[in-house]
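Asks: Each chain, letter by letter, is given below.
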Amino acid sequence: MATNQFDVIVVGGGPAGYVCAIRAAQLGLATAVVERDKLGGVCVNIGCIPTKALPHSAYVANLAAHDAKDLGVEVGAVKTDYGVAMRRSRKVSEQNSKGVEFLMKKHKISVIKGTGILGKNRSVKVGNDTYEAKKAIVIATGSRVKGIPQIGLDINKTTVISSDEALFLEQAPKTMVVIGAGAVGSEFADIFNAFGTKVTLIEVLPRILPFEDAESSDAITKSFKKRGIAVHAGAKVTKATVGKDKVTLEVEAGGKKETVEAEKVLMAAGRAVNTEGMGFQEAGVQLDERGFVKVNLATLETTAPGIYCIGDVAGPPMLAHKGSREGVVVAERIAGHKPHPIKYDNVPSVTYCHPEVASIGLTEDMVKERKLEYQVGRFPFSANGRARATNETEGFVKIIRDKKYGEILGAHIVGSHASEMIHELAVARENEYTVEEVDLAIHAHPTLSEATAEAALDSMGRVIHI
Amino acid sequence: MSTKVVMEALSPTMEEGRLVEWKKQEGETVAVGDVIAEVETDKAVMELVARAGGTLLKQVVPAGTTVPVSELVAVIGEPGEAVGAAVPETPKPAPKPAASAPNQPEPTREEPRQTSKPSAPPAPTVAPNGQGDGGRVKASPLARRIAAERGIDLGAVAGSGPEGRVVARDLEGAAARTGAPPAAAGTSAPPAPARRTVEGPAFTDVPLTQIRKTIAKRLAQSIGPIPTFYLTTEIDMERVAEAREALVAGGGEKVSFNDIVIKAVAMALRQHPACNAWWQDDRIRYWNEVHVSMAVAVEDGLITPVIRHADTKSLREIAAEARDLAGRARERRLKPEEYTGGTFSVSNLGMLDIDEFTAVINPPEAGILAVGRMAPQPVAHEGQVAIRRRMRVTMSCDHRVIDGATGAQFLKTLKAMLENPLALVY
Numbered sequence: 000m001a002t003n004q005f006d007v008i009v010v011g012g013g014p015a016g017y018v019c020a021i022r023a024a025q026l027g028l029a030t031a032v033v034e035r036d037k038l039g040g041v042c043v044n045i046g047c048i049p050t051k052a053l054p055h056s057a058y059v060a061n062l063a064a065h066d067a068k069d070l071g072v073e074v075g076a077v078k079t080d081y082g083v084a085m086r087r088s089r090k091v092s093e094q095n096s097k098g099v100e101f102l103m104k105k106h107k108i109s110v111i112k113g114t115g116i117l118g119k120n121r122s123v124k125v126g127n128d129t130y131e132a133k134k135a136i137v138i139a140t141g142s143r144v145k146g147i148p149q150i151g152l153d154i155n156k157t158t159v160i161s162s163d164e165a166l167f168l169e170q171a172p173k174t175m176v177v178i179g180a181g182a183v184g185s186e187f188a189d190i191f192n193a194f195g196t197k198v199t200l201i202e203v204l205p206r207i208l209p210f211e212d213a214e215s216s217d218a219i220t221k222s223f224k225k226r227g228i229a230v231h232a233g234a235k236v237t238k239a240t241v242g243k244d245k246v247t248l249e250v251e252a253g254g255k256k257e258t259v260e261a262e263k264v265l266m267a268a269g270r271a272v273n274t275e276g277m278g279f280q281e282a283g284v285q286l287d288e289r290g291f292v293k294v295n296l297a298t299l300e301t302t303a304p305g306i307y308c309i310g311d312v313a314g315p316p317m318l319a320h321k322g323s324r325e326g327v328v329v330a331e332r333i334a335g336h337k338p339h340p341i342k343y344d345n346v347p348s349v350t351y352c353h354p355e356v357a358s359i360g361l362t363e364d365m366v367k368e369r370k371l372e373y374q375v376g377r378f379p380f381s382a383n384g385r386a387r388a389t390n391e392t393e394g395f396v397k398i399i400r401d402k403k404y405g406e407i408l409g410a411h412i413v414g415s416h417a418s419e420m421i422h423e424l425a426v427a428r429e430n431e432y433t434v435e436e437v438d439l440a441i442h443a444h445p446t447l448s449e450a451t452a453e454a455a456l457d458s459m460g461r462v463i464h465i
Numbered sequence: 000m001s002t003k004v005v006m007e008a009l010s011p012t013m014e015e016g017r018l019v020e021w022k023k024q025e026g027e028t029v030a031v032g033d034v035i036a037e038v039e040t041d042k043a044v045m046e047l048v049a050r051a052g053g054t055l056l057k058q059v060v061p062a063g064t065t066v067p068v069s070e071l072v073a074v075i076g077e078p079g080e081a082v083g084a085a086v087p088e089t090p091k092p093a094p095k096p097a098a099s100a101p102n103q104p105e106p107t108r109e110e111p112r113q114t115s116k117p118s119a120p121p122a123p124t125v126a127p128n129g130q131g132d133g134g135r136v137k138a139s140p141l142a143r144r145i146a147a148e149r150g151i152d153l154g155a156v157a158g159s160g161p162e163g164r165v166v167a168r169d170l171e172g173a174a175a176r177t178g179a180p181p182a183a184a185g186t187s188a189p190p191a192p193a194r195r196t197v198e199g200p201a202f203t204d205v206p207l208t209q210i211r212k213t214i215a216k217r218l219a220q221s222i223g224p225i226p227t228f229y230l231t232t233e234i235d236m237e238r239v240a241e242a243r244e245a246l247v248a249g250g251g252e253k254v255s256f257n258d259i260v261i262k263a264v265a266m267a268l269r270q271h272p273a274c275n276a277w278w279q280d281d282r283i284r285y286w287n288e289v290h291v292s293m294a295v296a297v298e299d300g301l302i303t304p305v306i307r308h309a310d311t312k313s314l315r316e317i318a319a320e321a322r323d324l325a326g327r328a329r330e331r332r333l334k335p336e337e338y339t340g341g342t343f344s345v346s347n348l349g350m351l352d353i354d355e356f357t358a359v360i361n362p363p364e365a366g367i368l369a370v371g372r373m374a375p376q377p378v379a380h381e382g383q384v385a386i387r388r389r390m391r392v393t394m395s396c397d398h399r400v401i402d403g404a405t406g407a408q409f410l411k412t413l414k415a416m417l418e419n420p421l422a423l424v425y
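The listed protein sequences correspond, in order, to chains A and B.
Take the first sequence: its letter number 342 is residue 341 in numbering that gives the first Met the number 0, and every next letter is one higher.
Take the second sequence: its letter number 410 is residue 409 in numbering that gives the first Met the number 0, and every next letter is one higher.
For the record, the hints were derived by calculation from the structure and aren't laboratory data.
Careful, some of the hints might be misleading.
What the hints assert, rightly or not - Subject to a maximum C-alpha distance of 25 Å in a straight line, what follows is the list of computed DSS-like cross-link-like pairs (lysine-lysine):
1. A/Lys342 to B/Lys137
2. A/Lys337 to B/Lys137
3. A/Lys245 to A/Lys173
Unchecked claim - The following residues of chain A were derived to be distant from chain B, with all beta-carbon distances above 10 Å:
4. Gln4
5. Ala52
6. His55
7. Pro148
8. Leu204
9. Thr247
10. Lys256
11. Val259
12. Thr392
13. Asn430
14. Glu436
Stated by the list, open to error - Simulated coverage check for chain B against chain A, where a stretch passes if three residues somewhere in it have a Cβ under 8 Å from a Cβ of chain A:
15. 143-149
16. 264-276
Glycine included, C-beta positions come from ideal geometry on N, C-alpha and C.
Based on the sequences and whatever the hints tell you, model everything.
Replies: Below, the structure written as structure tokens:
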């Protein structure tokens, strides 16, 4: 049974699990990954990657329909085809999943197909085979979409769908209600709007992108409304009537009741973690009161010695890059290294709508709540040369710094390339650079990143270009 | 380029460490995170870990040597690299100010009050290592700013960032180790008279060491969430009574025995900061200010108004404040800030003729003193049986914070102060 023995068995081949496996293999550990579907997990197959392919189509559609003429390019009537965009996004996902397969081979990692069920003494059962982990098991089983059955909105995959189905639609519906205006909901609202769908976006919290800085939420609300997306924040769906080809919702907002009809309802509120039916209880792996696997945050070890847990199932933030980092750190710990601890307050968050929203650290509301003394620096892209040249002047860079020491408490970017720009501030925060060091680093001209340096300067009262 | 390995402060109270055993020999390859040596601290044997990778070029001290914190013990570098520049001629490098703060004069420590012999351990001195010959101390820009502002010598701080870089969180404990109030640094003025407020931070948080975590866990398992133990001592109050009579005869605010006890407790806490602390679950908060809570019986309950900075107040001030607070406590007119934030409590049932009793700790405080009645007792005094006024006090201690000997030393100081009340005004 020697072939059924590994040093490390990773259950789940998503961005947390497969990265953990690669790092473990790099450190000389005999490693296996158990995956019941496709390698790459939600991220590669029905999450991050395809949903980044579609906004690019949306971006091109918007560019051609609205901006091209001003830029001196006449394209005539713009015709969009969601089916074509969807099939392209599938191809991108498949390429990436194949890429992960290749990486597994390259690092001599065994890929076991099937559902891994934990047993006693660090064993994992897949089908009829039992595998033993000599050093450790890593749980990376991830999460999935969930509906809101309480108000009659169970996902039926035809009229009430989740992102899983939205990614496979052959054509864009005429009308759509998106429930939940976090990153996923806002991205889909943006995509379908570009493909001609009349979109209504509903968020129960007082503003869309509720976990971003209020200024970012405001900027996106304005931008969405300008493009014809109906935005209802602070709104509750009180009743849902699900028909064969349409859904009727009663929406209550600010004391007013409204009826909204749509061909499809996209549920983008909340995710459930995958913890059922995989022998967690038998193996001694306990869950916390919110349903996540209980872990020691310093080591990511579960309540069962030798069993670790990473990624969405280990707790929020449910972000691929957070899971990947946990995978690296756990692999190093299993190999006997002493990795640097993860700074959970320094995980960037990005929403890929147009313009993009990216942030790191605290929002201004959080800074106020903690009663920190702070100073805000802002710089709008409308004052940035590069942004003007490319006609992408929406948005701003906002930096919140500690008043006394200049520590970057939080940074928020709304702009066409916010997702790429946030990392300068992530590096700064990770290394404890203050706003002064951000300014001292010379920023090339003309670039969007100059806005970051200017926002840092503005927080010190020394902004140059406004 | 070679990297120096210095003795790190492996526990917050560690001033020096005995290098028990070398785990890496000269010429051996060392990776970041490898254990280079075992070091015995004041608490336990701990591991000294490599902050840089390479080859162990030189063991600067032999096993068995006791080395002050931040002094050189080894050099790591490329194989064959000369260590001459890194290793000083004499084993002890002359202290140099850290490169990052060239204008910082040697920090002056606040002098302990020179009343009785200080039973607290001597203040740790800081040996700035400057990381060698005017070389750079690795520190983040934020850490540098905080250090400059607070007057912390970065060279004396063990860094926990990549490659041993000093980051902001490493300075949390360091502030207390150097204890330099930035404004006062470098002046040779005599110690200022008793101050209303203490300069610098109001308290110092010290993360729990392994031994403290174990003590806390085991004791809590055994006896309840606050593992309490009790220490009783009997104090000769004859001289306090005489002094008080003289004070009262002099007129003005009437000073009670309880006021005197509060003052003495505050003064003794100043000498025993280990008893002036809060249990904070993952750390112990050692207060640099003394705020004494006094238990006051009110209708259907009790409340503990706080005499703030009791150590810096005169007996008359304490008497006036205690009278005012107690009066308003009984009328239920205290503001929340007047009955919270104490660092140690005093409870007195002497006026109800209780000989001695044990009081319940008022968390997060770690100690409370239960004061019994003062009564004439026949005792041996200067070789004779004499009738003297005696008083029994019992201290309840949170064992997670205060150990038996620590509490006993505090009580010894308190007893000495009350038996020689001049100490209170010295």
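Asks: Any hints from earlier that this structure breaks? Give me their numbers in increasing order, please.
Replies: Violated: hints 13, 14 and 16.
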